[in-house]
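Q: Make the full structure from the sequences, and use the hints.
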Amino acid sequence: MLNIKNISKTYSKGKVKAVDNISLQVKRGEIFGFLGPNGAGKTTTIKMITGILPIDEGEITINGFNIEKDAINAKKNMGFVPDSHDVYERLKGIEYLNFMADVYDVPADVRKERIDKYLDMFSMKEAAGQPIKSYSHGMKQKIIVIGVLLHQPPLWIMDEPLTGLDPKSSHLLKEEMHQHCSKGNTVFFSTHVLEVAEKLCDRIGIINKGKIIAVGTMDDLRKSQDSSLENIFLSLTEGSDIDA
Amino acid sequence: MRKFFSLLKLQIKAQYGFSSLAYYMKNDKKAVWKTIGIGLAVLLGVGEIIWLYSYLMYQLYMGGSTLNTPQIVITMAAVVTGLMVFFFGIFHILSALFLAKDTEFLASLPISQGKVFLSKFLMVLLAEYPITLLLMLPPVIIYGVGQNAGIMYYLLAVLCIIMIPLVPLVISAFLSLLLMKIVSRSKNRDLITIVGSIIFIIAIFAGQNYLLGRMPDNQQDFMMAILNSSNTFVEFMGRAFPPAVWITKVLTGTGSETILNLVYLVLISMAAFGIVYLMASFIYQKGATAQLETVSKPGKTKLVYKKSSSVLTICKNEILTLVRTPIYALNSLVMVFVAPFLLTLPLIGGSMSNDPDLQFLYSLIDSGESQPWLILVVSGIIALFMLVNPAVSTTFSREGKNMWILKNIPVKPDVQVLGKLLAGCLISFAGCFLSAIVVMFSFKISFTSTIMVIILSNIALIPINAMGLFIDLMRPKLSWNNPQEAIKQNFNAVAAMILGFVMISIFGVVGFLLTRLNLNTVMLFALMLVILLIISYALIQLVRKSAAKAYARMEL
Ligand SMILES: Nc1ncnc2c1ncn2[C@@H]1O[C@H](COP(=O)(O)OP(=O)(O)O)[C@@H](O)[C@H]1O
Ligand SMILES: [Mg+2]
Chain Y
1 MLNIKNISKT YSKGKVKAVD NISLQVKRGE IFGFLGPNGA GKTTTIKMIT
51 GILPIDEGEI TINGFNIEKD AINAKKNMGF VPDSHDVYER LKGIEYLNFM
101 ADVYDVPADV RKERIDKYLD MFSMKEAAGQ PIKSYSHGMK QKIIVIGVLL
151 HQPPLWIMDE PLTGLDPKSS HLLKEEMHQH CSKGNTVFFS THVLEVAEKL
201 CDRIGIINKG KIIAVGTMDD LRKSQDSSLE NIFLSLTEGS DIDA
Chain G
245 MRKFFSLLKL QIKAQYGFSS LAYYMKNDKK AVWKTIGIGL AVLLGVGEII
295 WLYSYLMYQL YMGGSTLNTP QIVITMAAVV TGLMVFFFGI FHILSALFLA
345 KDTEFLASLP ISQGKVFLSK FLMVLLAEYP ITLLLMLPPV IIYGVGQNAG
395 IMYYLLAVLC IIMIPLVPLV ISAFLSLLLM KIVSRSKNRD LITIVGSIIF
445 IIAIFAGQNY LLGRMPDNQQ DFMMAILNSS NTFVEFMGRA FPPAVWITKV
495 LTGTGSETIL NLVYLVLISM AAFGIVYLMA SFIYQKGATA QLETVSKPGK
545 TKLVYKKSSS VLTICKNEIL TLVRTPIYAL NSLVMVFVAP FLLTLPLIGG
595 SMSNDPDLQF LYSLIDSGES QPWLILVVSG IIALFMLVNP AVSTTFSREG
645 KNMWILKNIP VKPDVQVLGK LLAGCLISFA GCFLSAIVVM FSFKISFTST
695 IMVIILSNIA LIPINAMGLF IDLMRPKLSW NNPQEAIKQN FNAVAAMILG
745 FVMISIFGVV GFLLTRLNLN TVMLFALMLV ILLIISYALI QLVRKSAAKA
795 YARMEL
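Those protein sequences? They're chains Y and G, same order as listed. Following this note's numbering, the residues of the first sequence are numbered contiguously, the last one being 244. Following this note's numbering, the residues of the second sequence are numbered contiguously, the last one being 800.
Think of the hints as simulated: they come from the structure by calculation, not from any bench. It cannot be assumed that every hint is accurate.
[What the hints assert, rightly or not] Pairs of lysine-lysine, PhoX-like flavour, derived with a Cα cap of 20 angstroms: (1) K359/G with K76/Y; (2) K721/G with K793/G; (3) K257/G with K359/G; (4) K359/G with K133/Y.
[Claimed, not checked] Have a look at the derived ranges for each label pair, beta carbon to beta carbon: (5) G283/G with G138/Y: 34 to 42 angstroms; (6) E113/Y with S500/G: 39 to 47 angstroms; (7) S525/G with N66/Y: 15 to 23 angstroms; (8) V439/G with K5/Y: 35 to 43 angstroms.
Fair warning: this is a prediction, and the values are worked out from it, not measured in the lab. C-beta: ideal position from N, C-alpha, C; glycine also.
A: Here you go:
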């Protein structure tokens, strides 16, 4: 589904190597957690996957489409929820959703049904008629999530999705991630909280200082004797109750 | 195509905020009335400018008529419009295409970069029409009424007005694409963006000046040619902006001339646009996303821990963010460099250096050295240039979502306001200072007069800046998607500029009345200074007094 091959990214001409020769394969139907401390390179990697940042070296394919050479098709196969919830503030929620439906070719006949379903599900029915400016942080995130779910993307990518959601919304989102995968789709999300990844993911990739340290199921990773991995685990567990 | 229109619709809604406007109309009646009130006040100011402009155009039309070339009024207006659109367009294009905050979002959507470019280009084009209409309608009506033109003339005029901003914007877009291509490879992007665009603008002005300067060698022959053929002058003016010639001929020519020039106008505008569109569909996105990579300086930078007073802290913070956000820096600093440059034009030569009018002006200034009014006029001109500076009038708007910081810090609003005012005045000061120094050389003004000019123009700008600050304090635009909305599409900036223009007119009248008192230069200077200082004090007090309440009212 998602194939990342030896990608690297350096910001500002060779001084900071944010992503250093990363390779990953994410299979159809799995929830993949991208785990790492702040500044590890998660957002940078995700921006390259979603075609926002140019890739310095290596290549990425989504459902077989190369994100740089066949960008439009690759992008049609995914939906992206960024970590900053900057949306067009002066639009109403419903206007934003209609825009997303247009752009991702959601057929007219299923559009209303899907919009209603997700608005209900995330208790956003009332808010949808109001300007996004009046939304809370969590509401903004919810409207973005709904916008992505509208076109049922084969690959659903989220950057730190659970930060800032209330327990109910957070639970709903996790449910929806499972639902999405059970239909044969794939979810790829980043987090800096070990517990989140542990509970939710089929497989986990751990990134630190731009490099992948380990990939596997939680059990695999726990069994590993690598001491640097243990340190990472520790740093991701500590204080996680504050960040989560 | 459907996706493209969807995108265009989104951008229009997001930028002009119709949806949220309708929402607030329903929920906040008071805000609506306030908006209407401010709108009316601005309309009055705009009225003054339109009236002045129409009067000038009428004079030009009458003058042209006696030379049998009434159509020069159309040419002139089209040239002015073209240059204005170009001038404002280049910032607008740069900010919409490369410095916008929705770049990331749009880059992640399955829409080709060509279409994203197109939608943004059209947005900017749309925003240029108000000024185009303002500048073109008076001359079109003056000529139309004067010549008893028929319905066909007005229809063609509408078409021409629609076409005018296209070529200047295409050129702006082309230059910005090139600039961004260069910038995306370099290290210090912000600096290059700012310096590059200022150089572009200055280069364009210099080029224009050079073109116009190439008068036929023999002025007598030229005058004869103008008298013999009504089109010589039109073509001469049109060198600055060729579409102006086509437009003139479309509107004032007959039969085949009209059609031929119409074809030129449309075909060449479209072709130019086509080329830029093609170029954009290959290089636009790279340039745009490159802007996302902020540069971290290699090596260790020394951290400074220093204490300074509240006013200075606010002022410093204001200037730092201004200078480090390219779109803010561009808009606020451009006049600081362009105004002095414009004032050097007579020195460099070109159109003005051997101009008999200029020689006359010099002799006037020479004899005027003893004439007290000289310093008032020069200060007024410099102050007018420095009006084009949205730094103060968008200061709260630019805070945007960060406004909570200012509301939260333990510094009183009336002190914060002073810091912001100081920052704006420092920028004006830089501009006045540079301009006055240039004027000293290019218009041969004495050193003492120059000093007086620097002081007067600066003090005159204090109440104007305070008023701009007041406007933004009362009605800040805190919610925006990209920084350009805070500064470029901010009504407060326009309102402040227009009210500033009105204030300078008033100072002008006051100054004129003072010259009637037959004072000597020093006395006149001193009197004017005292008046301006009193007005400054009053406006600063107004701003300080209203600060706390205004802060409380700002909802985040
Ligand atoms: N726009 C940018 N310009 C320069 N460096 C950046 C930029 N964004 C991130 N970085 C650097 O890249 C590294 C990885 O950042 P990021 O991918 O945002 O980490 P994460 O999302 O895992 O917290 C960090 O060292 C960060 O300082
Ligand atoms: Mg991140």
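Q: Assess, step by step, whether the Cα of K721/G is no farther than 20 angstroms from the Cα of K793/G, and give holds or violated.
A: Status holds; Cα separation ~17 angstroms.
Q: Kindly confirm whether 35 to 43 angstroms is satisfied by the beta carbon distance between V439/G and K5/Y.
A: Holds, at about 39 angstroms.
Q: Verify the proposed pairing of K359/G with K133/Y, using a straight-line Cα cut of 20 angstroms.
A: Distance ~27 angstroms between K359/G and K133/Y Cα, so the pair is violated.
Q: Do the beta carbons of E113/Y and S500/G sit within 39 to 47 angstroms of each other?
A: 60 angstroms, violated
Q: Starting from the hint 34 to 42 angstroms, judge whether the C-beta atoms of G283/G and G138/Y obey it.
A: Since G283/G and G138/Y have Cβ atoms about 36 angstroms apart, the given range 34 to 42 angstroms holds.
Q: Could you check the hint for me, namely that S525/G and N66/Y are 15 to 23 angstroms apart, CB to CB?
A: 18 angstroms, holds
Q: Hinted pair, alpha-carbon criterion (20 angstroms max): K359/G, K76/Y. Please report holds or violated.
A: The hint holds at about 16 angstroms.
Q: Can the restraint linking K257/G and K359/G be considered satisfied, given a maximum Cα separation of 20 angstroms?
A: At roughly 17 angstroms apart (the allowed maximum being 20 angstroms), K359/G and K257/G satisfy the hint.
Violated hints for the displayed structure, listed by number in ascending order: 4 and 6.
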